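> Sequence:
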Amino acid sequence: GLPDKPPLPLPDKPSIAVLPFVNMSDDPKQEYFSDGMTEEIITALSKIPKLFVIARHSTFTYKGKPVKVQQVGRELGVRYVLEGSVRKAGDKVRITAQLVDAKTGNHLWAERYDRELKDIFAIQDEITMRIIASLEVKLTEGGTFRIRAKGTDNLEAYLLCLQASEQKNRLNKDGNLLTQQLAEKAIALDPKYPEPYYLLASAAWLEVPLGLTRDPRKSIAKAMAFAKKALALDNSLAPAHGQLGMLYTLIGQHDKGIAEGEKAVSLEPNSAGACYVLG
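The sequence shown begins at 6 in our numbering and counts up by one.
It is worth saying that the hints were derived from the structure and are not from the lab. Treat the hints with care, since some could be wrong.
Cross-link-like lysine-lysine pairs, in silico, DSS-like; alpha carbons within 25 Å at most [as the list claims (entries may be wrong)]:
#, residue 1, residue 2
1, K70, K123
2, K223, K68
3, K261, K234
4, K70, K34
5, K223, K178
6, K190, K227
7, K173, K234
Computed beta-carbon distance windows for the label pairs [claimed, not checked]:
#, residue 1, residue 2, range
8, D96, R135, 38 to 44 Å
9, F126, M29, 34 to 40 Å
10, E161, A264, 22 to 28 Å
11, P196, P14, 43 to 49 Å
12, R222, Q76, 43 to 49 Å
13, A264, P71, 40 to 46 Å
14, I263, K97, 43 to 49 Å
15, A94, K55, 36 to 42 Å
16, Q76, P16, 15 to 21 Å
The structure displayed is predicted, hence computed values, not measured ones. Here a beta-carbon is modelled for each residue, glycine too, at the ideal position from N, C-alpha and C.
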């Protein structure tokens, strides 16, 4: 049954949790793809100020568990829940997505996409825009463009970054090394793609808490250089501003740290990382 603890109060604006998309492929190694799909949708929705979006680390606690949408709504304090599945085989993908009202259990919409892998960006955009339309969220001028900025047209580079992101989240030596290798491969394919530089910045900084560096200052300097490179390519990359904000704070440049944190929050109002920098 449902837990007895009282549900969290709902925020004033439309609120949504995106549950980890289930990997329906025969290959468990495709997990990075379904997780990446989930994260991309969370990131896109996080850019909309009129929407309250639950952060990745909260929704991923439900990964691999049988959950009731009503339970998720109660525990996370959201009105709407998106769930879905991904099956990737060769250059074909099948993606299902459904948006559910957690209060009533009613489906607002459900869709199945049978497409080519190269259409992945379009599918993500479509799902995001369907959510926005269903929740009747009015986008500010330029909002559509901001949501759809993906940074590369090179599918292979994009997939490498999804894999790198999965490795980064392992928070260990092997994962960190693989993050760097995968990001470097992505840069070789598309040197103007900002995301892999941000991933290299994260990996360089993680050398410090993971105890993988003998020279923390050097690792921090390296991380700052990569974060700045990412922002030189795309100044609207909120995670890179958040990363840079944290690094400035670490080296005692608090004013710069706060400025970067505020920039990150202005770009992605729902970003947990950005809010963390500002404390």
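> Evaluate each hint against the coordinates.
Results for each hint:
no.	hint	verdict
1	K70 to K123	violated, 30 Å
2	K223 to K68	violated, 36 Å
3	K261 to K234	holds, 17 Å
4	K70 to K34	holds, 19 Å
5	K223 to K178	holds, 18 Å
6	K190 to K227	holds, 18 Å
7	K173 to K234	holds, 19 Å
8	D96 to R135: 38 to 44 Å	violated, 24 Å
9	F126 to M29: 34 to 40 Å	violated, 20 Å
10	E161 to A264: 22 to 28 Å	violated, 35 Å
11	P196 to P14: 43 to 49 Å	holds, 47 Å
12	R222 to Q76: 43 to 49 Å	holds, 46 Å
13	A264 to P71: 40 to 46 Å	holds, 44 Å
14	I263 to K97: 43 to 49 Å	holds, 47 Å
15	A94 to K55: 36 to 42 Å	holds, 37 Å
16	Q76 to P16: 15 to 21 Å	holds, 18 Å
Consistency with the previously given hints fails for numbers 1, 2, 8, 9, 10, ordered from lowest to highest.
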